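Visitor: Please build the complex by placing chain Y on the supplied structure of chain W, with the hints as guidance.
Sequence order for the protein chains is W and Y.
Each step along the first sequence adds one to the number in the working numbering, with nothing skipped, and position 191 is 191.
Take any residue in the second sequence, note its place counting from 1, add 280, and you have its number in the working numbering.
No false leads were mixed into what you were given.
Straight-line Cα separation of at most 25 Å, SDA-like style, residue types lysine to any residue; simulated pairs:
(1) Y:K297 <-> W:D80
(2) Y:K297 <-> W:P83
(3) Y:K297 <-> Y:S285
(4) Y:K297 <-> W:N57
(5) Y:K297 <-> W:E118
(6) W:K222 <-> W:P270
(7) W:K267 <-> W:R237
(8) Y:K301 <-> Y:S359
(9) Y:K301 <-> W:D80
(10) W:K22 <-> Y:A357
(11) W:K44 <-> W:V264
(12) Y:K297 <-> W:F59
(13) W:K22 <-> W:L84
(14) Y:K297 <-> W:D62
(15) W:K267 <-> W:D26
These aren't lab readings, by the way, just hints derived from the structure by calculation.
Note that this is a predicted model, so its numbers are computed, not measured.
Here are the chains, one letter per residue:
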Amino acid sequence: MATVVGSIGLTHNPTYPGLIAKNGPDYAPRLAYGRLRQELASLKPDVIVMFDTDHLNTFFLDNLPIFAIGVDDSFAGPCDEVPLVPRYTAPSHRALAYHLRSEAVTAGFDLALVQAFEADHSVFVPLHFLTPEMNIPVIPIFISGHNHFARGHMSPMPSARRCFELGQTIRAAIERWPQPMRVVTIGSGAISLDVHGTKIAPGLFVGVPDPSWVERVHKHLKDDRVADLVDQTTPARLRSAGNVAGEILNWIAMMGSANRGAPVWSKALPDEGFIYAAWH
Amino acid sequence: MSVFSVDLLCRDITRDKALRKRFQENPEAALSQYPHPLSAQEHTALLSGDVGTLYRMGVNAFLMGNLARHQIFGLDASSYGERMRAVDD
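In isolation and in its complexed conformation, chain W is listed as follows (with noise of 0.2 Å):
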C-alpha cells in the first residue's frame, strides 16, 4: 500500500522568489525553503499530494468549486506570471489523482474533477523552491479558502473540520492504493495576511493584521494541538485575520493526512504572517 511518509506546510507567497534573490544568505525565508528542500529530499517522495487555494486563476467567479482535485498526467504554470519563476511542467499522477478522487466522493467528499488545467503560484511558488527539477509527480487539491466578497456577501469558506475530516480521507486513500509509494502531502497558504483588502498596510497592497494567531498557530503545532486549531479556526477569526487568511484550511487538511506528533523543524514568521514546518 501506499504510505503517508511525512507532510510539509508553507507560504507560497509569490513575492520571495524576487526578495529572496536581493536579500543576503541569512534571509529568514531563504533558509525556511533550503530547510523544507532538505527535508522533502529526505523523505524520498513518489508523489506529492499538496492542498491549495488558486487565486481566481485556474478558476473564476464563474465557476467557483470548494473542493476540486487535478486528473491528468501533467500540468504547467505559474499561469500568473510570478517574477522570476519560470513557466514549469510538473508532472503529475493519473490514476492515483482518480483513485483519490473516487475514494474522496465515496466518503461524502465531492472533489470537482479538473483536468487540461494550469496552476498558479500557490502550486508553483512551493515547487519552485522544493523540487525545481519537476520531478516528482505533484496532484493539487484545491480548497476554497479565500474570502471573495465584501461585507454581506463573503463567500462561505469550508469549516476548518470539514478540511481535516478532507485530509483524513485523502490519508485513508492513499493508504487503500495497492501499490507501494512513498506520499508526502503539504499544506500551501499564509496564516494571516490581506491583500488588496481593507487590512492591508499603508503604502503596500498586502499587511499582515494578525501576527498573534500566527504565533498561536504555531503553538498549536509545536504542541501537537490540532483539535485546539481546529476548533479555533473560526470564521471569524480567519475574517479577522485577513482576506487571504483561510489558506490555513490547506494546512488543516495537510493535518488530517499527516503522521501525529510535534513536526520535525519548524518557523515562524508572525510579521509576515507565515509559518514553514515539516513532518516525518
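Guide: Structure of chain Y alone, referenced to chain W:
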C-alpha cells in the same frame, strides 16, 4: 451580474496587456468600449477610482487591487490603500 463584469475587467487587465494599455492611456474610452455590461454606478465609481464603493457593492478585492498595481483610474498603492482601509469592514 453587473458586479461580475467589474470582476472580469479587473482580471482582463492583468491578462491582456493591450487592453491594460488602453485603460492606462484613455480610461474613459476604454471603459465605454468594454464589452461586458456595467451599471451607471459602477461606471462612475470605476472612472473616479472609488474602490471603497466598488468593494461595498461586492467587487472582489483581490482582483480589484490590480487596477492600482497597473495605475488605472488614477489609482496607486497610496490612494488605493487609503480608500480600502476607510471601509468599515
